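Using the hints, position chain B against chain Y.
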Amino acid sequence: MNTHGSPKYATFCLLLKPLIEITHMSLDQEAVSRIAYLARLGVDESECAAYAHNLSAILAFVEQLNAVDTAGVEPMAHPLDTSQRLRPDQVSETDQHEKFQRVAPRVEAGLYLVPKVIE
Amino acid sequence: MFQKTISELAAGLRGGEFSSEELTRGFLQRIEKYDPQLNSVVTVTAEAALTDARAADARLKSGNAAALTGIPYLHKDIFCTDGVRTACGSRMLDRFVAPYDATVTQKLKQAGAIMLGKTNMDEFAMGSSNETSFYGPVKNPWDLERVPGGSSGGSAAAVAARLAPLATGTDTGGSIRQPAALCGITGIKPTYGRVSRYGMIAFASSLDQGGAFAASAADAAVLLEAMSGFDARDSTSIDRPVEAYSAALGAELAGLKIGLPKEYFGEGLEAGVGAAIDTAIGEFSKLGAEIREISLPNSSLAVPAYYVVAPAECSSNLSRMDGVRFGYRCENPKDLEDLYMRSRGEGFGVEVKRRIMVGTYALSAGYYDAYYLKAQQVRRLIRDDFARAFAEVDVIMGPTAPTTAFKLGEKADDPVTMYLSDIYTIAVNLAGLPGMSVSAGLVDGLPVGLQLIGNYFDEGRLLNVAHQYQQVTDWHRRVPPGFQ
Chain Y
1 MNTHGSPKYA TFCLLLKPLI EITHMSLDQE AVSRIAYLAR LGVDESECAA YAHNLSAILA
61 FVEQLNAVDT AGVEPMAHPL DTSQRLRPDQ VSETDQHEKF QRVAPRVEAG LYLVPKVIE
Chain B
1 MFQKTISELA AGLRGGEFSS EELTRGFLQR IEKYDPQLNS VVTVTAEAAL TDARAADARL
61 KSGNAAALTG IPYLHKDIFC TDGVRTACGS RMLDRFVAPY DATVTQKLKQ AGAIMLGKTN
121 MDEFAMGSSN ETSFYGPVKN PWDLERVPGG SSGGSAAAVA ARLAPLATGT DTGGSIRQPA
181 ALCGITGIKP TYGRVSRYGM IAFASSLDQG GAFAASAADA AVLLEAMSGF DARDSTSIDR
241 PVEAYSAALG AELAGLKIGL PKEYFGEGLE AGVGAAIDTA IGEFSKLGAE IREISLPNSS
301 LAVPAYYVVA PAECSSNLSR MDGVRFGYRC ENPKDLEDLY MRSRGEGFGV EVKRRIMVGT
361 YALSAGYYDA YYLKAQQVRR LIRDDFARAF AEVDVIMGPT APTTAFKLGE KADDPVTMYL
421 SDIYTIAVNL AGLPGMSVSA GLVDGLPVGL QLIGNYFDEG RLLNVAHQYQ QVTDWHRRVP
481 PGFQ
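Quick mapping for you: the protein sequence lines, in order, are chains Y and B.
Read in my numbering, the first sequence has 55 at position 55, and its numbers run on one by one without any break.
Read in my numbering, the second sequence has 418 at position 418, and its numbers run on one by one without any break.
Here chain Y stands alone, though its shape is the one from the complex (with noise of 0.2 Å):
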């Protein structure tokens, strides 16, 4: 088995040093294919030297945000500030599985097929 490819891997990976270095914004075409495999997108590889283009683009002016001075401030998460409204621990919707699974690629009683995960 080829744990390379495998998130575990991936994980791991992060976890032992950073993705890329934050301290300048150009992207590679390597990271660009590791930040298109963290989001489980198929990214050919003849895209990548653009996509590295335009992301590291992206990235550099987003950058400005940097020279900021933000010590204090609070993030904001709402823009008038009120919180998650809570509601009773009820049943409040009917099951409408048939209806909703009509819409996927692949149903077999009531179950959504995917290709085989365990060998």
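Note that these hints are calculated values from the structure, not bench results.
Every clue listed holds true.
With a Cα cut of at most 25 Å, we get these calculated DSS-like pairs of lysine-lysine:
hint	chain 1	residue 1	chain 2	residue 2
1	B	109	B	61
2	Y	99	B	107
3	B	109	Y	99
4	B	61	B	107
5	Y	116	B	334
6	B	257	B	286
7	B	4	B	61
8	B	4	B	109
9	B	4	B	33
Listed next, with one range per pair, are the computed distances between beta-carbon atoms:
hint	chain 1	residue 1	chain 2	residue 2	range
10	B	205	Y	92	18 to 28 Å
11	B	325	Y	73	36 to 46 Å
12	Y	67	B	205	23 to 33 Å
13	B	58	Y	83	40 to 50 Å
14	Y	67	B	392	21 to 31 Å
15	Y	64	B	26	43 to 53 Å
16	Y	88	B	369	28 to 38 Å
Bear in mind the structure is a predicted one, so any value in this text is a computation, not a measurement.
Quick reminder that beta carbons are idealized off the backbone N, C-alpha and C, glycines included.
Here is chain B on its own, set in the frame of chain Y:
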């Protein structure tokens, strides 16, 4: 018939001058005739529309019609519609027939409005030119070689060409106001939390807000009122009664304090656009408003903060598109990971993938504080700028976009330049304020939009201010040549 206002259409329907079926057929014919040039409508629901129109006619006859009974509209293809494809401009949802209605869809049904179809848009609402749609770009009816703006480009182009008197939109960073400006119509994005997000396919949940397009502010008021209101199914919906917007359209503007942020009139603003905005401001002086310069010092940080917050939230929201429960699935996946990777790789377009990757990067272990948290702090600074401004003035005005409509393809390969076309609209989303755009002139035959920004829940005031302007000008009545 296609140039009538909503109140004229409502009166005509009630007076028996024409039926909803005739009205609906009329607009369906305009879509059939003109849309091939524009590509603004991706799904036409003609049969259902005519059935609904006949039901509306019965309701009109019985005398218990609601505000929009029998009046046709087009619905942005981001709002789920039970039994009708809801593709959100993406290959990912090309075959997705929504199994339920968005709250907005339901509310418009209850109000009696007739849905003619679903409008083209940038893929998952990510774009400022409508060029990222899987269904191809929308053309601007004022010049078919130019973009209509985005992401609600289909809705804006369709209303500008009078293919429908009303259309819905959503605005995460300017996606109602910027296309309204570029197409020469009226568009309003209300306060965050005013219109339910339930069933409105999520892009960046802390910024997304539904709103309305129409030729005039008076028409937009009717649609927005029908769309608005508390919804327990949207956890950020605001529990507060909706103002009767149409009833608020009579107030005079004498003494109204209008602030012009100096940061919105600096470098980057096209001279012709600036001149048109100055002329529009002059009209408000004549109407008795007091004009004063204000400052929103953190304005330049809005676009960078947005391009952290929005991609971060999109990378999380779009993780639900995994090829398992709904949406596109690749052919012959060899294992589960291959299924995820290829379904998402093939199902999403380039701009969506870019933003997912920026967001994934910004949220990845070790970077959350440096990017997302920092951007959320800057967001508060931006909101505080507005709070200080609204202590001094009632309404803020300026250009909606720095330029008129640009050419198709002109900015498509340069994301950062494209992002800057929303330089005046994005701060409003970050702060959660209501904003609108009204047509304020033509430069070389292309429309210019005047942006109006209000304090929280000041939609009624904004609509009235825009309405008073439209009583003394006629830009909102201009129809692009070729669509008359």
